[in-house]
Amino acid sequence: MILCESIDTLAMAYLDDELAAEERRELELHLTECTTCRAHLDAERAEHALLRKALVAPPASDLLRTKIARALDAEDRVAARAERKRWSSWLLPGSAVTAAAAAIVVFVGMRPPSPHVGSVASEAARQQSRTLPLDVQGASTAPWVKEHFAPEFIPPVFLGTGLSLKGSRLTAVYGHDAVLLAYQADSFALTALVVRDVGDDDLGEGSEFQLGNRTLHVIQAKDRVAISYVAPDHTGYMFFAPELTVDELLQIVVASDLFQHR
Amino acid sequence: MLAVRPNQPKRTAFERQALVHTDALFGAAYRLTRNARDAEDLVQDALLRAYRFWDSFQQDSNCKAWLLRIVTNTFINEYQRKKRSREVLDAASAEQDATDGVLVHAEANDKRSPEKVLMHHSVSDDVQRALESLPDDFRTAVILCDMQGLSYKEIADIMECPVGTVMSRLFRGRKLLASALREFAVAEGYVKPSTPTTPPADGDKPIDLETYRAAKARESKS
Chain X
5 MILCESIDTL AMAYLDDELA AEERRELELH LTECTTCRAH LDAERAEHAL LRKALVAPPA
65 SDLLRTKIAR ALDAEDRVAA RAERKRWSSW LLPGSAVTAA AAAIVVFVGM RPPSPHVGSV
125 ASEAARQQSR TLPLDVQGAS TAPWVKEHFA PEFIPPVFLG TGLSLKGSRL TAVYGHDAVL
185 LAYQADSFAL TALVVRDVGD DDLGEGSEFQ LGNRTLHVIQ AKDRVAISYV APDHTGYMFF
245 APELTVDELL QIVVASDLFQ HR
Chain U
2 MLAVRPNQPK RTAFERQALV HTDALFGAAY RLTRNARDAE DLVQDALLRA YRFWDSFQQD
62 SNCKAWLLRI VTNTFINEYQ RKKRSREVLD AASAEQDATD GVLVHAEAND KRSPEKVLMH
122 HSVSDDVQRA LESLPDDFRT AVILCDMQGL SYKEIADIME CPVGTVMSRL FRGRKLLASA
182 LREFAVAEGY VKPSTPTTPP ADGDKPIDLE TYRAAKARES KS
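As they're listed, the protein sequences go chains X and U.
This note's numbering puts the first residue of the first sequence at 5, with every later residue one more than the last.
This note's numbering puts the first residue of the second sequence at 2, with every later residue one more than the last.
The set of hints was computed from the structure by calculation and includes no laboratory data.
Hints are not guaranteed to be accurate.
[Unchecked claim] Using 25 Å as the maximum straight-line C-alpha spacing, the simulated DMTMM-like pairs for lysine to aspartate or glutamate come out as follows: (1) Lys11(U) with Asp80(X); (2) Lys176(U) with Asp46(X); (3) Lys206(U) with Glu220(U); (4) Lys206(U) with Asp20(X); (5) Lys217(U) with Asp21(X); (6) Lys206(U) with Glu48(X); (7) Lys57(X) with Asp46(X); (8) Lys65(U) with Glu184(U); (9) Lys154(U) with Glu26(X); (10) Lys206(U) with Glu30(X); (11) Lys65(U) with Glu9(X); (12) Lys206(U) with Glu32(X); (13) Lys222(U) with Glu26(X); (14) Lys217(U) with Glu32(X); (15) Lys154(U) with Glu156(X); (16) Lys150(X) with Asp201(X); (17) Lys206(U) with Asp46(X); (18) Lys206(U) with Asp126(U); (19) Lys65(U) with Asp80(X); (20) Lys11(U) with Glu151(X); (21) Lys11(U) with Asp56(U); (22) Lys206(U) with Glu161(U); (23) Lys206(U) with Asp139(X); (24) Lys206(U) with Glu27(X); (25) Lys154(U) with Asp20(X); (26) Lys154(U) with Glu211(U); (27) Lys150(X) with Asp77(X); (28) Lys222(U) with Glu151(X); (29) Lys57(X) with Glu22(X).
So here's chain X without its partners, still in its complex pose (with noise of 0.2 Å):
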């Protein structure tokens, strides 16, 4: 008989709930005539379940769930960038160190050279950010970053220096999308420029400072000076401000609220 023959087969497939309709009629009508066949589908059917019971496995951990959303808040970053791409401006050569410290000089370059705060100072800072090629100025700088660099990026605000953002640009420092943010005060300018995704130390060259739990770099760049920071979500921070000291320049970026809030 065909369906004996059959049998593991029959079986398999009947457990698997894969017969065709008038097959599985016909091995039913089957089962109730031979003790043999109805015995061996008995057993597969037992074996089967202890399979399936084994096979069991844990749920996926609340950890892996988060990773899991973390990288495709990754991955529509990257989507967003790739939009955003024709925004950016310029590329500069080189690592990401050495190009931050060239857009600095480059930056720095423009502006005659004034060791004195002061009423000059003042004058020249103001200069510098009309001669700026911003993309953006005025009261509608902190909107048009949100809209043009990231969604949620806010502006650092430097609590009780009298800096103000004046305006922006959009750039990219070694293929990194980054916004140039210029601040400036009544007596000195200060100019951040902002870098996305990079490494912790990509900006890390120079003599290291520590606040709380966070690392804050001095960059050299010929005879500039720059602060950096990374901050933990890889948003790498350059702060300078020639008109001022390293100590001076430092007392100001930590009371930016990057480090007091967020």
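Knowing the structure of chain X, use the given hints to seat chain U on it.
Chain U only, in chain X's frame:
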């Protein structure tokens, strides 16, 4: 602070249709890789890949099967290569540890902590060890069918082989797994040795519905 604006419609669709299968995917990955750490890496890789190719997913098809295909392919292509290089690293560092100080014998370790022995020799561990003894193709077929409830056709699509091949892999995989589980259970005294519940099938007989259907058609003609 740089939180992301999610690519909203795509992200929402993906969360609703794909991420609801995270537990199932982890389960499959856990049985494929046989350890939780690798399973997590595999699921994360596969889901990221799925997200990248979400546009190519046919909305009217079985999303879970599509995702399992990605998990399986990722496992075959990427994970095993990574695993090999990690094994080399692990071996190297084990060698380092051994030459650095006292070599701790695994059994001596066990004796120190009876709870650990119990934990590590759980029944679930036996399943992982039993799966270890299966060839990859058999294991994959069993996981996709008995854990995930996919149809022969869906498994055939994933494994890129005919349905008949799926059936024979499944049949032999189940037999091997059941007998390996029985052996472990006997070895550790959970069950007394006994003859297998199912007598081994005739090894030469093909496990294939098509063959049966063809024989059937011939029979009805004559």
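Taking the hints in turn, this is what the structure says about them:
no. : hint                     : verdict
1   : Lys11(U) with Asp80(X)   : 10 Å, holds
2   : Lys176(U) with Asp46(X)  : 15 Å, holds
3   : Lys206(U) with Glu220(U) : 18 Å, holds
4   : Lys206(U) with Asp20(X)  : 19 Å, holds
5   : Lys217(U) with Asp21(X)  : 19 Å, holds
6   : Lys206(U) with Glu48(X)  : 17 Å, holds
7   : Lys57(X) with Asp46(X)   : 17 Å, holds
8   : Lys65(U) with Glu184(U)  : 33 Å, violated
9   : Lys154(U) with Glu26(X)  : 19 Å, holds
10  : Lys206(U) with Glu30(X)  : 21 Å, holds
11  : Lys65(U) with Glu9(X)    : 36 Å, violated
12  : Lys206(U) with Glu32(X)  : 22 Å, holds
13  : Lys222(U) with Glu26(X)  : 17 Å, holds
14  : Lys217(U) with Glu32(X)  : 16 Å, holds
15  : Lys154(U) with Glu156(X) : 46 Å, violated
16  : Lys150(X) with Asp201(X) : 17 Å, holds
17  : Lys206(U) with Asp46(X)  : 20 Å, holds
18  : Lys206(U) with Asp126(U) : 33 Å, violated
19  : Lys65(U) with Asp80(X)   : 22 Å, holds
20  : Lys11(U) with Glu151(X)  : 20 Å, holds
21  : Lys11(U) with Asp56(U)   : 9 Å, holds
22  : Lys206(U) with Glu161(U) : 23 Å, holds
23  : Lys206(U) with Asp139(X) : 76 Å, violated
24  : Lys206(U) with Glu27(X)  : 20 Å, holds
25  : Lys154(U) with Asp20(X)  : 12 Å, holds
26  : Lys154(U) with Glu211(U) : 13 Å, holds
27  : Lys150(X) with Asp77(X)  : 17 Å, holds
28  : Lys222(U) with Glu151(X) : 74 Å, violated
29  : Lys57(X) with Glu22(X)   : 21 Å, holds
Hint check: violations occur at hints 8, 11, 15, 18, 23 and 28; the rest are consistent with the structure.
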